[in-house]
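Undergrad: Build the full structure now, drawing on both the sequences and the hints.
One line per chain: the protein sequences are A and F, in this order. The first sequence runs contiguously to residue 557 in UniProt numbering. The second sequence runs contiguously to residue 318 in UniProt numbering.
No wet-lab data here; the hints were simulated from the structure. Just so you know, these numbers come straight off a predicted model, no measurement behind them. A portion of the hints provided could be inaccurate.
Unchecked claim - Each computed DSBU-like pair below joins lysine-lysine, with the alpha-carbon atoms no more than 35 Å apart:
1. F/Lys204 x A/Lys72
2. F/Lys204 x A/Lys103
3. A/Lys432 x F/Lys204
4. A/Lys37 x F/Lys204
5. F/Lys204 x A/Lys535
6. A/Lys432 x F/Lys97
7. A/Lys432 x A/Lys446
8. A/Lys125 x A/Lys160
9. A/Lys279 x F/Lys165
10. A/Lys30 x A/Lys215
11. A/Lys125 x F/Lys204
Unchecked claim - Listing some non-contacts, in silico: residues in chain A with all C-beta distances to chain F over 12 Å:
12. Gly129
13. Glu196
14. Asp226
15. Lys361
16. Lys432
17. Glu481
18. Gly546
Unchecked claim - Ranges between beta-carbon positions, derived for each pair:
19. A/Gly430 x F/Glu105: 45 to 55 Å
20. A/Glu495 x F/Glu243: 49 to 59 Å
21. F/Thr193 x A/Ala511: 38 to 48 Å
22. A/Gly545 x F/His292: 28 to 38 Å
23. F/His133 x A/Leu35: 52 to 62 Å
24. F/His292 x A/Pro214: 28 to 38 Å
25. A/Asp479 x F/Glu27: 53 to 63 Å
26. A/Pro524 x F/Asp6: 10 to 20 Å
27. F/Asp38 x A/Gly430: 47 to 57 Å
28. F/Glu27 x A/Pro91: 23 to 33 Å
29. A/Gly430 x F/Val107: 48 to 58 Å
30. A/Gly545 x F/Asp6: 27 to 37 Å
31. A/Ser321 x F/Glu257: 46 to 56 Å
32. F/Thr31 x A/Lys501: 24 to 34 Å
Ideal Cβ placement from N, Cα and C applies to all residues, glycine included.
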Amino acid sequence: MTNDDKRNSWRKRAADTAARKEAAAPLFVKGKEVLAKDTVALLEAVIRPFDIVNIEGNNQKQADFLADCLNKVDRGKIHDLHMVQSAVPLPAHLDLFENGIAKKLDFAFGGPQAGRVAKFIENGKIELGAIHTYLELFGRYFLDLTPRVSLVCAYKADRKGNLYTGFNTEDTPAIVEATKFREGIVIAQVNEIVDELPRVDIPGDWVDAVIQSPKPFFIEPLFTRDPALVTDSQILLAMLCLKGIYAEYGVTSMNHGIGFLTSAIELILPTYGLELGLKGKCCTHMILNPHPTMIPAIEEGWVDTIHCFGGELGMEDYVASRPDIFFVGPDGSLRSNRAFAQTAGHYAIDMFIGGTLQIDKYGNSSTATAGRVAGFGGAPNMGCDAKGRRHPTDAWLKCGQELPSLERDIGNIPRGKRLVVQGVETFGEGRKPVFVEELDAWKLAKSANLPIPPVMIYGDDLTHIVTEDGIAYLNRCKDMEARMAAIRAVAGFTEIGLAAKPEETRALREAGIVKTPADLGVDPNRATRDLLAAKSMRDLVTWSGGLYNPPARFRNW
Amino acid sequence: MTNWTDLQSCRFIEASARERAIGLVDEGSFTELAGPFDRVTSPHLKLLGDAVAFDDGIVTGVGQIGRTPVFVISQEGRFIGGSVGEIGGAKMVNTIKLAIDFHDELVAKFADLDEEEKPMVVISFETGGVRLHEANAGLLAHAEVMDQLQKARGKVPVIALIGSKVGAFGGMGFVAAATDVIIMSEFGRLGLTGPEVIEQEMGKEEFDASDRALVFRTTGGRHKYIMGDANFLVENSIAAFREQVSALTGLSIEAFEEMRRIGSSAKVKAQLRAVALAAQMQPGDATEVWSHAGNTDAWGLIDLPLSDFLARVERLSV
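TA: What follows is the structure, encoded as structure tokens:
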């Protein structure tokens, strides 16, 4: 065998890529531009059956045009694709399986398509790889799930293929890096092809084709919560969190999950938080999308930095005008990046706080319900104790020091623990009890043939539960018996809560493992909407000095 | 219950029916009639096994502003969307009737009565109209309220306040339109068919009810003020509504008649000219009509602070 032959036997991927691009060559009009009408032909030229393909489906921005076009390819030519992508929120993502174009799916978040995902798994239309977290899936892109072809999404491109992903960069860098540096093919849909980009987020030689889509990509304002809808009981929970957890542990860095409880917390920082003297001591460093409800706290000088997974519609000008707080590019606009924000969320922050639909009697929690395979996106990576963490902070150390089991497990070595907090009303949406004997995740696992019930946060990672009854400090419990008793004590009038024994609860209160609002000195009568720094969307606009521009569906005036 | 002084700064849109009723009249002057302790509840809801409210979602009573007796009707959106059924309707009817009877009694007894001393009716709307659970009785109640409004005409002024979350829609939209004066905040909404129903019947292309900005451009306080459907546009506080009502006390009944949007052949002709204009313009969006009214930067009006809006806005004249 000659040296040349040897070299070629190690370059099969490159040769294959070259052949595919050769087939697509006639479709290019100028530089890397392909016309929207030729998109289906382009996809048919560069994709082969059984390919691993990524359609950029983020938490927010969606390569919707490319997803629609992939559904239109000749399924004689393209079939049995293995889709790997963060989220599958669009009907088109699932149509691929209905149409027989795709067969296997690895993903992290199902969103509105969760019901169809479950059905398709059950009837065999989808062969499920696994339900990942974002970081696990990104990791697998660089291991064994590297996309052969990726269909990504950007605001703007030039004809050299440079991309501007700007405010909603999200997953694009992770996808493109994995694809391109394994000789794959990257196709981008953009809202606009221009001569000059505001900045380059993805270099042109990592991109093979750019297509101006007929209409701007779909983007969802997932993190906008209207302050008008925050209830008094959510405000009570928020007060308990601030006094019993933020102040108690001096939590400076954190992620706030999606939901109204965390919005309530954000909105009472400038009022109740200030009264507790927490300004400068709590919430200084946050990993968050640009939540509009953070505006009052930011304006009042609470926050040093915020790094974002993605953007949020309407917050563009506000973020660009607060570059001391947010991560912005040389052009002045936000650069979000899910991979890095999730890394910070997994290793760097001291606390994750959010809500859930169900908590079982052991403290395992899940948002999975029978008939819906939704996945949990990034929550499990933030809602867990990162065992690889080595840097100490006061909040992390204090939470670890309170663990009675620490000495049993690792002797006399000090170690901290991430605060993982679930704040829930004991009866949630539709008056359904949040505390349950057994998670619906078990039923789902059975019906959808999942190897394990999908758990969002495991009981041993959960350190605190906050309900209208008070706070259960699970990290202070010495064993499973104590943990279950603490959970019962705050579970209200649910079946689990009714099993609580008064003398047991009294002992837990004396030991500081359970604290009621009275124990914490929180007066439930003060928990009214008067505490909210902003009570309406309009107030948020006013707080922002007119810089926040709420999407039409939130404009109540 | 929050004290009267605190109620004044309370946001009108968030205030409960009772808070509005108490805060709209002078401190300590409100007496509730057929209140929750009387437990007059809907017989229909009981039959259906649904929860009832001891006031049936409507607060009625009497108070005063200065020297003016003010009969107050205040609807509670948090009870079945402020829907009006048999009991709530009867409470509205009888409150207006009390005001009329009181007026007649006063006038008969005191020949030299000041305008300021004559009673008025204030209705704080927060409703989608008929309570579907009691459809016929609810519809009948609407008709009876309209009947009372006609009887009050020329004697007792009736003032509509619209600035609560649910707005004033359905049959109660007609009732509001038949009052003498309409006071709105920019967060108030007034219409007949609600946005969701239009979408359901005509499709999302015709009207996207999830587009809140569109909903407010079409039914909200600013639009209604430009169109002349609302007489006054005030800030979103109980105090602001109260001050506007207070400013109307003592006006002659002729002045109230003048403020009506319907009810004379001249006013009907003006309404017909507005219809003709709509037919001619075929506007695709409310802002086109705002422009026609002489507002050069129609879209800019939406986000202006209220005081600037009031200073700059041109209202439609037909």
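Undergrad: Compare the structure with each hint and give your call.
TA: Structure-based check of all given hints:
1. With a C-alpha separation of about 26 Å, the suggested pair F/Lys204 and A/Lys72 falls inside the 35 Å cut-off, and the hint holds.
2. With a CA separation close to 34 Å, the supplied pair F/Lys204 and A/Lys103 stays within the 35 Å bound.
3. The suggested pairing of A/Lys432 with F/Lys204 holds, with an alpha-carbon distance near 32 Å, which does not exceed 35 Å.
4. Restraint check: the Cα-Cα separation between A/Lys37 and F/Lys204 comes to about 27 Å, which is no more than 35 Å; the hinted pair holds.
5. Straight-line distance between C-alpha atoms of F/Lys204 and A/Lys535 comes to about 29 Å, which keeps the hinted pair within the 35 Å bound.
6. Pair hint A/Lys432 plus F/Lys97 does not hold up; C-alpha atoms about 45 Å apart against a cutoff of 35 Å.
7. Our distance criterion of 35 Å between C-alpha atoms is met by A/Lys432 and A/Lys446, whose separation comes to about 22 Å.
8. Taking the CA atoms of A/Lys125 and A/Lys160, the gap is near 39 Å; set against the 35 Å cutoff, the hint is violated.
9. Pair hint A/Lys279 plus F/Lys165 holds up; C-alpha atoms about 33 Å apart against a cutoff of 35 Å.
10. For the given pair, A/Lys30 sits about 21 Å from A/Lys215 by alpha-carbon distance, which is consistent with the 35 Å threshold.
11. In summary, the hint linking A/Lys125 to F/Lys204 is supported, as the alpha carbons are separated by about 32 Å, within the 35 Å threshold.
12. Its beta-carbon lying about 34 Å from the closest one in chain F, A/Gly129 satisfies the requirement of being farther than 12 Å from that chain.
13. Annotated as non-interface, A/Glu196 keeps its C-beta farther than 12 Å from every C-beta of chain F; the closest such distance is 29 Å.
14. Against the 12 Å criterion, A/Asp226 falls within the reach of chain F, whose nearest CB is about 9 Å from its own CB.
15. For A/Lys361, the shortest C-beta to C-beta distance to chain F comes to about 31 Å, beyond the 12 Å cut-off, and the non-interface label holds.
16. Non-interface call for A/Lys432 relative to chain F: holds, since the shortest CB-CB distance, roughly 19 Å, exceeds 12 Å.
17. The claim that A/Glu481 is not at the interface with chain F holds, since no C-beta of that chain comes within 12 Å of its own (minimum 40 Å).
18. Residue placement check: A/Gly546 does not keep its beta carbon more than 12 Å from all beta carbons of chain F (closest about 7 Å).
19. Remark: the range hint 45 to 55 Å for A/Gly430 to F/Glu105 is upheld by a beta-carbon distance near 52 Å.
20. Take A/Glu495 and F/Glu243: their Cβ atoms lie about 53 Å apart, and the range 49 to 59 Å holds.
21. Range check, F/Thr193 to A/Ala511: Cβ separation about 60 Å, and the 38 to 48 Å hint is violated.
22. In this structure the supplied range 28 to 38 Å holds for A/Gly545 paired with F/His292, their Cβ-Cβ distance being about 32 Å.
23. Checked against the hint of 52 to 62 Å, the C-beta distance between F/His133 and A/Leu35 comes to roughly 57 Å, which is consistent with it.
24. The hinted range of 28 to 38 Å is satisfied by F/His292 and A/Pro214, whose Cβ atoms lie roughly 33 Å apart.
25. In this structure the hint that A/Asp479 and F/Glu27 lie 53 to 63 Å apart at CB holds, the actual value being about 60 Å.
26. Between A/Pro524 and F/Asp6 the beta carbon distance is about 19 Å. The supplied range of 10 to 20 Å therefore holds.
27. The given range of 47 to 57 Å is broken by F/Asp38 and A/Gly430, whose C-beta atoms sit roughly 33 Å from each other.
28. A C-beta distance of roughly 58 Å is found between F/Glu27 and A/Pro91, which places it outside the suggested range of 23 to 33 Å.
29. Between A/Gly430 and F/Val107 the beta carbon distance is about 55 Å. The supplied range of 48 to 58 Å therefore holds.
30. Between A/Gly545 and F/Asp6 the C-beta distance comes to about 28 Å, which sits within the given range of 27 to 37 Å.
31. Restraint check, A/Ser321 to F/Glu257: a C-beta distance of roughly 52 Å satisfies the suggested window 46 to 56 Å.
32. One distance hint, 24 to 34 Å for the beta-carbon pair F/Thr31 and A/Lys501, is violated here, with the actual separation near 50 Å.
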